[in-house]
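Visitor: One letter stands for each residue in the lines below.
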Amino acid sequence: KAGVTQTPRYLIKTRGQQVTLSCSPISGHRSVSWYQQTPGQGLQFLFEYFSETQRNKGNFPGRFSGRQFSNSRSEMNVSTLELGDSALYLCASSPTLSETQYFGPGTRLLVL
Amino acid sequence: AQSVAQPEDQVNVAEGNPLTVKCTYSVSGNPYLFWYVQYPNRGLQFLLKYITGDNLVKGSYGFEAEFNKSQTSFHLKKPSALVSDSALYFCAVRDDWEGKSTFGDGTTLTVKP
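Line by line, the protein sequences give chains A and B.
Count the first sequence with our numbering and you get residues 984 to 1095, in order.
Count the second sequence with our numbering and you get residues 485 to 597, in order.
One thing to keep in mind: the hints can contain errors.
Stated by the list, open to error - Computed from the model, here is a short list of chain B residues facing chain A with C-beta under 8 angstroms:
1. 516
2. 518
3. 534
4. 574
5. 578
6. 585
7. 590
Hints are computed from structural coordinates only; laboratory data are not their basis.
Cβ coordinates follow ideal geometry from the N, Cα and C atoms, glycine included.
Taking the hints into account, I'd like the entire structure generated from these sequences.
Guide: This is how it looks when you write it as structure tokens:
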């Protein structure tokens, strides 16, 4: 099976812009989670979707949003970008909410 | 609320020596515990998991982990370290019903020749 894919892999934006990141899960996986990874804050949970419904949400401002489509693909959107949003954004998929998560390679976002 | 602690930011071992990366957890229900490894500029790779059963779990690349319920620990071990094991290691706990994984802050393992 193909692994989790994330697009784009690298992105440069300026403050105030918005960005949309995409994640395609492993075939058959219905749960998709998003994480932000920064050197100072480690791996921070953003949100998790299962069958197009948001099941869990981390402690991030409303500028961070996401959605999941009927084919389980997921997108996350960050509006009004800030310098502190520069990070590696990781997507992970799993068959159900409690099973092993498999991670994609990440999207590295740089906000200037 | 669930939590994970990795008390060591850095672990240094010599090649060929045994290694241990420590993890303790707190969860209200049954713990689903995981170890992941991350190499530079890569996503996290799954190493092993504990759901139920034997307290000693074997995983990829010769790694194993010991679940200790009384000490709420899930330490990662390997009998003989390789230089190629040098990477960032994350312990995670996952709720057995609602999902939502919580990750530790990570431990950087350096294996010196």
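Visitor: Look at each hint and say if it fits the structure.
Guide: Hint by hint, here is what the structure shows:
1. 516: Hint holds; residue 516 of chain B Cβ to chain A Cβ min 6 angstroms, cut 8 angstroms.
2. 518: For residue 518 of chain B, the interface hint holds, since the closest Cβ of chain A sits about 7 angstroms away, which is under 8 angstroms.
3. 534: 11 angstroms, violated
4. 574: 7 angstroms, holds
5. 578: 6 angstroms, holds
6. 585: 6 angstroms, holds
7. 590: 6 angstroms, holds
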